[in-house]
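All chains, please: the whole structure from these sequences, using the hints.
Next come the chains, spelled out residue by residue.
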Amino acid sequence: MKRTVVANGNEMVVEGAIDAGCRFFAGYPITPSSEIAEGMAKRLPKIGGVFLQMEDEIASVACAIGGSLGGKKSMTASSGPGISLKQEGIGLACMAEIPLVIINVMRGGPSTGLPTRIAQADVMQARWGTHGDHPVVAICPATVKECYTETIRAFNIAEELRTPVYVLTDAFLAHLSEKVELPDGKELKIVNRKRPSVKPEDYYPYDTGFGDVPPIADYFSGYRFHVTGLNHDKTGFPDINPVLQESEEERLINKVLRRQEKIATYENYKIEDADIVIVAYGSNALGAKEAVDSARKAGIKAGLFRPITIWPFPSIALQQVAASAKHIIVTEVNLGQMVYEIERIILGGRAVTEIKNGNLIFDTRHPRSSADLTTVLQANGTPIRPNQILSRIKEVA
Amino acid sequence: MSEPLNKPPVKIDLYLCKGCSLCVDVCPKNVLEMVNNPSVWYGTVAEVKRPEDCIRCFQCENACPDFSIRVVDRGVELIFKSSTGEEITKSK
Amino acid sequence: MAVEYEKYLRMDKFPHYWCPGCGNGVVLKAFIQAVDELGWSNNDIGMVTGIGCSSRASGYVDFNTMHTIHGRALAVATGIKMSNPDKHVVVIAGDGDASAIGGNHLIHACRRNIDITLIIINNWIYGMTGGQYSPTTPTGSIAATMPYGNADPDFDLVNLTIGAGATFVARSSVAEPVMLKNYIKKALAHKGFSVIDAFSNCHIQWGRKNRFGDPVKLVKHIKSVTVSSAKAKRMNPDELKGLFVTGILYENNEKKEYTESYFDMVKRAQAKGGK
Numbered sequence: 001m002k003r004t005v006v007a008n009g010n011e012m013v014v015e016g017a018i019d020a021g022c023r024f025f026a027g028y029p030i031t032p033s034s035e036i037a038e039g040m041a042k043r044l045p046k047i048g049g050v051f052l053q054m055e056d057e058i059a060s061v062a063c064a065i066g067g068s069l070g071g072k073k074s075m076t077a078s079s080g081p082g083i084s085l086k087q088e089g090i091g092l093a094c095m096a097e098i099p100l101v102i103i104n105v106m107r108g109g110p111s112t113g114l115p116t117r118i119a120q121a122d123v124m125q126a127r128w129g130t131h132g133d134h135p136v137v138a139i140c141p142a143t144v145k146e147c148y149t150e151t152i153r154a155f156n157i158a159e160e161l162r163t164p165v166y167v168l169t170d171a172f173l174a175h176l177s178e179k180v181e182l183p184d185g186k187e188l189k190i191v192n193r194k195r196p197s198v199k200p201e202d203y204y205p206y207d208t209g210f211g212d213v214p215p216i217a218d219y220f221s222g223y224r225f226h227v228t229g230l231n232h233d234k235t236g237f238p239d240i241n242p243v244l245q246e247s248e249e250e251r252l253i254n255k256v257l258r259r260q261e262k263i264a265t266y267e268n269y270k271i272e273d274a275d276i277v278i279v280a281y282g283s284n285a286l287g288a289k290e291a292v293d294s295a296r297k298a299g300i301k302a303g304l305f306r307p308i309t310i311w312p313f314p315s316i317a318l319q320q321v322a323a324s325a326k327h328i329i330v331t332e333v334n335l336g337q338m339v340y341e342i343e344r345i346i347l348g349g350r351a352v353t354e355i356k357n358g359n360l361i362f363d364t365r366h367p368r369s370s371a372d373l374t375t376v377l378q379a380n381g382t383p384i385r386p387n388q389i390l391s392r393i394k395e396v397a
Numbered sequence: 001m002s003e004p005l006n007k008p009p010v011k012i013d014l015y016l017c018k019g020c021s022l023c024v025d026v027c028p029k030n031v032l033e034m035v036n037n038p039s040v041w042y043g044t045v046a047e048v049k050r051p052e053d054c055i056r057c058f059q060c061e062n063a064c065p066d067f068s069i070r071v072v073d074r075g076v077e078l079i080f081k082s083s084t085g086e087e088i089t090k091s092k
Numbered sequence: 001m002a003v004e005y006e007k008y009l010r011m012d013k014f015p016h017y018w019c020p021g022c023g024n025g026v027v028l029k030a031f032i033q034a035v036d037e038l039g040w041s042n043n044d045i046g047m048v049t050g051i052g053c054s055s056r057a058s059g060y061v062d063f064n065t066m067h068t069i070h071g072r073a074l075a076v077a078t079g080i081k082m083s084n085p086d087k088h089v090v091v092i093a094g095d096g097d098a099s100a101i102g103g104n105h106l107i108h109a110c111r112r113n114i115d116i117t118l119i120i121i122n123n124w125i126y127g128m129t130g131g132q133y134s135p136t137t138p139t140g141s142i143a144a145t146m147p148y149g150n151a152d153p154d155f156d157l158v159n160l161t162i163g164a165g166a167t168f169v170a171r172s173s174v175a176e177p178v179m180l181k182n183y184i185k186k187a188l189a190h191k192g193f194s195v196i197d198a199f200s201n202c203h204i205q206w207g208r209k210n211r212f213g214d215p216v217k218l219v220k221h222i223k224s225v226t227v228s229s230a231k232a233k234r235m236n237p238d239e240l241k242g243l244f245v246t247g248i249l250y251e252n253n254e255k256k257e258y259t260e261s262y263f264d265m266v267k268r269a270q271a272k273g274g275k
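Line by line, the protein sequences are chains H, Z and W. Each residue of the first sequence is one higher than the last, beginning at 1 in this note's numbering. Each residue of the second sequence is one higher than the last, beginning at 1 in this note's numbering. Each residue of the third sequence is one higher than the last, beginning at 1 in this note's numbering.
Simulated from the structure, these hints should not be mistaken for lab results. Be aware that one or more of the hints could be misleading.
As the list claims (entries may be wrong) - Covered by chain H, according to a simulated footprint, are these stretches of chain W (three or more residues, beta-carbon under 8 Å):
1. 41-54
2. 59-70
3. 78-89
Bear in mind the structure is a predicted one, so any value in this text is a computation, not a measurement. Yeah, the Cβ is synthetic: ideal placement off N, Cα and C, and Gly gets one too.
Okay, structure coming up:
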């Protein structure tokens with residue numbers, strides 16, 4: 001049944017994870033994400049789940065991977081420095097195709113940085129952090145309610161694609177309290193990993209005969225198989241054959257690219273006739289929305305394009321919006337990270353839809369934009385105020 | 001080689017033997033020897049030279065890292081040809 | 001006693017990739033013999049390994065196996081065990097994997113006393129990467145990154161794990177494979193965190209740099225630097241210098257095992273009621 005709660009971002013991440021079916025959490029204390037660990041510590045034992053505070057960040061991601069292989073929906077949560085430590089483990093989950101959700105409550109950085117203050121400076125780390133060519137899905141909730149709904153969606157994507165998924169909130173959103181109306185549990189769409197239906201002796205952990213995402217068995221369920229972080233063949237054993245490895249590496253990337261229309265969600269706010277388009281994501285979009293509203297009141301045709309999934313970036317949707325805009329203002333709480341991607345997308349006129357035999361396949365249907373581009377950036381630990389965005393809108397109007 | 005005569009106390013699987021000679025070293029009865037074998041890339045493998053002397057102590061099997069040398073349990077019947085060509089039967 | 005090894009091994013992956021004479025195969029064999037004697041079913045065993053020659057063992061056994069990242073096998077194994085507490089989870093790691101990069105996970109697995117068995121194949125070197133020194137490389141010996149003689153003191157893995165809280169610690173070597181199998185069998189049956197410090201011969205990397213390039217010679221050397229605990233009791237400290245004592249060196253059945261302790265806590269939580 002529907003519930004109304006007053007909660008903050010961290011609490012809603014916990015709620016979303018539990019309702020998505022997460023029954024395994026391994027984490028380590030770090031501001032500002034410790035409350036997620038504390039929430040899972042309280043909730044999981046009561047419902048037969050496992051919560052472990054491990055000895056360090058790396059142990060946390062490794063343990064969460066173990067929990068996932070053991071058959072449980074698994075999550076870990078941390079912030080900047082901890083996510084930096086987890087990179088090798090995240091790479092293992094990418095290569096071995098293990099479903100995993102990683103919450104990054106972004107804070108000021110680099111290094112110890114500003115532990116209690118907002119930043120959005122880990123968005124490129126989410127894309128490129130772990131070494132090697134790897135698939136990435138990263139979601140940026142903007143409201144406390146989205147912390148709930150997008151965490152559930154993150155689990156669904158992780159389970160469906162057999163890949164790690166980031167949920168990037170921030171120190172501000174984590175502790176922002178709001179009234180949230182939660183849907184009835186029965187209304188939630190929950191996706192579980194595809195488990196094999198063949199006999200154990202016919203099972204291969206990376207068998208693409210069932211589609212580009214192979215079914216994954218649980219350990220100890222009668223299916224015995226090998227998993228490794230080395231490049232491997234369909235049996236899970238190490239393999240270095242260049243022909244097979246090219247197709248396997250591309251399959252990993254295409255798992256995400258081929259589904260980007262479904263995964264790369266976004267929001268268009270007052271965009272239909274907008275001359276000035278703000279591009280903002282995460283909690284920064286809240287201020288941007290206010291700025292757009294104020295601008296509209298003052299007669300300026302402003303609108304907001306808000307990517308909800310930032311990786312893969314909703315490129316085609318942005319190109320459609322940028323095509324008719326005169327000016328684009330990119331605002332993010334960092335010294336410029338997503339803006340490079342946005343610039344490339346709107347000026348290049350191409351979106352990558354797939355990689356095939358070493359060729360990037362582009363969608364070139366949407367024209368390049370001739371819009372001007374300016375930025376409202378800030379990395380001092382405080383949120384960008386709507387007035388800052390509004391003054392820029394007025395400047396360029 | 002007919003089946004009935006092929007139950008010696010100890011056998012070496014040439015596919016697995018890597019010629020490390022650990023089995024030859026641990027055998028207390030001098031049953032085994034290293035021999036040159038040009039058909040394997042490391043050039044040498046172990047061979048059962050004197051099966052009639054084998055006391056089935058399992059030292060060679062325990063010392064072999066490659067699961068190559070296998071000993072038959074004591075109490076199990078053996079039929080094999082000795083190093084001198086004699087037919088040997090051991091009822092247990 | 002003859003064992004049907006094929007029942008427990010992925011024979012299609014043999015011959016295994018370890019060097020001719022490498023002790024890793026002997027440790028693996030002792031482990032399989034122990035599993036066979038315990039009568040465990042393949043489906044109930046999970047093996048997690050890290051990175052290194054020792055850690056390739058997981059590819060060769062027909063269990064639920066995972067080859068993870070360097071040093072983190074115990075953390076992954078903890079996750080696998082906690083999500084399936086009634087199954088058997090075994091970790092095989094090298095000396096560098098377990099005590100250098102994996103050191104933190106080692107001491108905490110010991111502290112938790114989680115029911116996992118850790119077999120450290122201790123060959124005194126980082127073998128796979130070309131013979132760099134590890135925390136157990138003998139002081140003074142030559143290694144690729146200590147070409148003038150190892151300046152580092154080395155870990156006594158037995159003391160380390162006992163100190164950190166493990167409840168079954170034994171040391172053995174490939175020079176005594178039957179005893180090794182016996183200790184592994186006891187370790188597997190032990191309820192709690194059990195550690196086997198199994199000396200092995202890396203004659204190719206450590207051996208060749210230190211005049212023990214022949215596997216037979218190196219195994220004999222390992223035999224000469226180990227002494228059983230029964231014999232060691234009758235020796236004085238001077239005689240014991242430079243020797244490693246083998247045997248079951250610590251056994252404690254009193255300390256609560258982690259999954260028991262954890263799921264007791266879960267019962268407490270559920271009895272409390274509420275959400």
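Quick rundown of the hints versus the structure:
no., hint, in the structure
1, 41-54, "holds (count 5)"
2, 59-70, "holds (count 9)"
3, 78-89, "holds (count 8)"
Consistency with the previously given hints is maintained throughout, with no hint failing.
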